[in-house]
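Q: Sequence:
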Amino acid sequence: MIEIQNLKKVFEGVTAIEDISLKISKGEVFVLLGPNGAGKTTTIRILTCIIKPTGGIAYIDGMSIFDESKRIRKISGLLTENPGFYERFNAVDNLRFFSKLYGMDENIIDEDIKEYLEIFHLWERRYEPVGNFSKGMKQKLALVRALIHDPEYIYLDEPTASLDPETSKIVRDFIRELKSRGKTVILSTHNLPEAEYLADHIGVLNTRIVAMGTPEDLKSRIFGKRVVIEFQGDADKAKAIMEELRVVYQLERGKVIILNPGIKNSVIVGKMVENGLDVDYVYEERHSLEEIYLRLVSNHG
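Heads up: the sequence shown begins at 28 in the numbering used here, then just goes up one per residue.
Derived from the structure by calculation, the hints contain no laboratory data. Any given hint could be a false lead.
Restricting the straight-line Cα-Cα distance to at most 20 Å, the calculated cross-link-like pairs of lysine to aspartate or glutamate (EDC-like) are [unchecked claim]: (1) Lys206 / Glu223; (2) Lys165 / Glu133; (3) Lys162 / Glu185; (4) Lys162 / Glu114.
Ranges of calculated distance between the beta carbons of each label pair, as one might list FRET restraints [to be verified]: (5) Lys50 / Gly260: 47 to 55 Å; (6) Asp137 / Arg208: 44 to 52 Å; (7) Arg313 / Lys127: 45 to 53 Å; (8) Glu193 / Glu39: 49 to 57 Å; (9) Asp261 / Asn33: 45 to 53 Å; (10) His148 / Glu114: 16 to 24 Å; (11) Glu39 / Lys291: 22 to 30 Å; (12) Glu133 / Pro62: 39 to 47 Å; (13) Val309 / Arg273: 14 to 22 Å.
Idealized CB from N, CA, C, for every residue including glycine.
Please build the complete structure, drawing on both the sequences and the hints.
A: Put into structure tokens, the structure is as follows:
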């Protein structure tokens, strides 16, 4: 588990994050959303013990980021926006170097390197200097480096940036596989459909935590539940039924939209049919994560 208490970081008088408190359960995918400069990368750098906070504290599996940073780094894998490889080395030599830094068993390093390079379609290019790699290839290699030592906590900062659609799908599927193995993934992304697809919980960050919950919780909290009933018949009759049932509603041509109904849909539909209205469709109005994100960020800008 990751437990964060009142985390704050100030860079030369500028507050990057302030008063962040949250818990991330083991084995979940937690997505950090927020505009540029919201503090997502700063939060990840603190949790991986690259920088220290100005205030507050965080614990990873009960270990303090202040007192046990070496142990925390061993169980953490990090993908950053800037890969930072030795450009004249080939992919295999780069990964061997970083694997040894992680203290991996030298007898299994090459076996693990082969497995991951094949997953991300880099095996055929393994002996080329990394300086010859495209931006997308370097991104894939950086992801391999983050995973090679089998960490328990994996921090991914924009993991599918610069990747083609096919490779992006491979990465998304692999993140789901990591979760199935019991790994904890903290993902920072601007890709909202990707966030919605992967997230168990989402934290919307804008220096502070603006909102947090499952994608469905956030949708319900921001927009409420909106049930749409499309019907044929007398609109005045539909209006009278809604007034009788004491629901909050909006009547449009051929449909009635009910906000947070306190009674079952079947009761409302039954009443409409009893009064001679033909009901065609009943469904819950859906909102995208993008709509939620834009609403939250604009309200806390």
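Q: Now, for every hint given, state plainly whether the structure supports it.
A: Structure-based check of each hint:
Under the criterion of a C-alpha separation no larger than 20 Å, the hint pairing lysine 206 with glutamate 223 is consistent with the structure, at around 15 Å. Between lysine 165 and glutamate 133, the direct Cα distance comes to roughly 24 Å. Violation of the 20 Å bound is thereby established for this hinted pair. About 13 Å separates the Cα atoms of lysine 162 and glutamate 185, which keeps this hinted pair within 20 Å; it holds. Straight-line distance between C-alpha atoms of lysine 162 and glutamate 114 comes to about 12 Å, which keeps the hinted pair within the 20 Å bound.
The hinted window of 47 to 55 Å between lysine 50 and glycine 260 holds, with their beta carbons roughly 51 Å apart. Distance hint for aspartate 137 and arginine 208: a CB-CB separation of about 22 Å, inconsistent with the stated range 44 to 52 Å. Between arginine 313 and lysine 127 the CB atoms are about 50 Å apart, so this pair conforms to the stated range of 45 to 53 Å. A hinted range of 49 to 57 Å for the beta carbons of glutamate 193 and glutamate 39 is inconsistent with their spacing of about 42 Å.
For aspartate 261 and asparagine 33, the hinted distance range of 45 to 53 Å is not satisfied, since their beta carbons lie about 58 Å from each other. The supplied range of 16 to 24 Å is met by histidine 148 and glutamate 114, whose beta-carbon atoms lie about 20 Å from each other. A beta carbon spacing of about 58 Å between glutamate 39 and lysine 291 contradicts the range 22 to 30 Å that was offered as a hint. At roughly 44 Å, the beta-carbon separation of glutamate 133 and proline 62 lies within the given 39 to 47 Å, and the hint holds.
Look at valine 309 against arginine 273: about 19 Å separates their beta carbons, and that is inside 14 to 22 Å.
Checked against the numbered hints given earlier, this structure breaks hints 2, 6, 8, 9, 11; the rest are met.
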